[in-house]
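**Student:** Sequence:
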Amino acid sequence: MANPPADAPGPPLAPGPPLVGGPIVLASRSPRRRALLEMIVPPQRLRTLAPLDPAEESLEGLTTWREIEAGLLRIADAKRDAVLTRIAAGDSAEEAPEEELAGRWSAVIAADTTVIAGPAGGELRDGELTTLGQPPADDWEETVRRWFRRHYIGRTHVTATAVSAAVHAPAGPPSPRNSPGRGCGPVRTAHMVIRTRVTVRADAERHLDRLFAAAEPPGRAGGLAIGGLFGALLVERVDGSLSNVSGLPLREALELLAGLGVDL
1 MANPPADAPG
11 PPLAPGPPLV
21 GGPIVLASRS
31 PRRRALLEMI
41 VPPQRLRTLA
51 PLDPAEESLE
61 GLTTWREIEA
71 GLLRIADAKR
81 DAVLTRIAAG
91 DSAEEAPEEE
101 LAGRWSAVIA
111 ADTTVIAGPA
121 GGELRDGELT
131 TLGQPPADDW
141 EETVRRWFRR
151 HYIGRTHVTA
161 TAVSAAVHAP
171 AGPPSPRNSP
181 GRGCGPVRTA
191 HMVIRTRVTV
201 RADAERHLDR
211 LFAAAEPPGR
221 AGGLAIGGLF
231 GALLVERVDG
241 SLSNVSGLPL
251 REALELLAGL
261 GVDL
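Heads up: the sequence shown is residues 1 to 264, going by the UniProt record's numbering.
Hints listed in this document are in silico derivations from the structure and should not be mistaken for laboratory results.
Take the hints with a grain of salt, since some may be wrong.
Label-pair distances were calculated between CB atoms; the ranges are [unchecked claim]:
(1) Pro186 - Ala55: 26 to 32 Å
(2) Ala96 - Glu128: 45 to 51 Å
(3) Gly103 - Leu242: 33 to 39 Å
(4) Ala202 - Ala55: 35 to 41 Å
(5) Glu98 - Glu236: 46 to 52 Å
(6) Pro170 - Asp126: 41 to 47 Å
(7) Thr63 - Leu264: 34 to 40 Å
(8) Ala202 - Leu264: 38 to 44 Å
(9) Gly103 - Gly154: 51 to 57 Å
(10) Gly103 - Pro136: 39 to 45 Å
Cβ coordinates follow ideal geometry from the N, Cα and C atoms, glycine included.
Turn these sequences into a full structure, and let the hints steer you where they fit.
**Tutor:** Structural data, given as structure tokens:
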């Protein structure tokens, strides 16, 4: 289920279409999100520039849809703005260290994903929700087994991703009102949250050992990899964007960028 953008983009920044052939900067080092973005962005236009500080706001303790989605948007917006600040300071993308991003039209896209489940043995009810982020690396198997038994098996959970994007003009006179940094021209932004409902089979318990024996990467929200054995054996139904479960809703991200004037 797709929610409308929280702040709808306005008309393109003058003068005319800003990003015909310009770079698209992913505000993340996640190889999974980059692989997804490569499906809609030509590789010669894709850049990677992550925030310098990896610390993020915690969603722990949030129990309502409004609180959780607002928190996701704050995290994604913070990633986006951190990278805009790096661009304004003259930093370049990892793939093109000689390229000065601040001197041309470019776009930045950031995302943050969490799994939203009901209480142990319960349904998805506003005010009783719980968020499941990335499991701890040193105890991921035990943590994810516990999540399966408490929140997943025979139940429906939601994967929610906040996507935040910005387009900035080439560097010009400083504009404190529109720009997070003095080295960029005016900036326009938009963001949204996309939800996907995932229902896990009631007999999923018998496949857990097989799932963990495959040693699929644990660094995912909720400890789940829809493209691996989890999706093949344990999922009963997916309602909504499949790529959202992997960390980036592609169709909606494409529409968000297009609304900001990005030509893809």
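**Student:** Could you run down the list of hints and mark each one as holding or not?
**Tutor:** Tested hints:
1. Checking the proposed 26 to 32 Å range against Pro186 and Ala55 shows it holds: the Cβ atoms sit about 29 Å from each other.
2. Separated by about 47 Å at the C-beta atoms, Ala96 and Glu128 satisfy the suggested range of 45 to 51 Å.
3. Hint check: Gly103 to Leu242, Cβ distance near 38 Å, so the stated range 33 to 39 Å holds.
4. With their beta carbons about 39 Å apart, Ala202 and Ala55 fall inside the hinted range of 35 to 41 Å.
5. Against the hinted window of 46 to 52 Å, the Cβ-Cβ separation of Glu98 and Glu236 comes to about 50 Å, which satisfies the hint.
6. A hinted range of 41 to 47 Å holds for the C-beta pair Pro170 and Asp126, which are about 45 Å apart.
7. Distance hint check: the CB atoms of Thr63 and Leu264 are about 37 Å apart, consistent with the given range 34 to 40 Å.
8. Taking the beta carbon of each, Ala202 and Leu264 are about 41 Å apart, inside 38 to 44 Å as hinted.
9. The given range of 51 to 57 Å is respected by Gly103 and Gly154, whose C-beta atoms sit roughly 55 Å from each other.
10. The hinted window of 39 to 45 Å between Gly103 and Pro136 holds, with their beta carbons roughly 42 Å apart.
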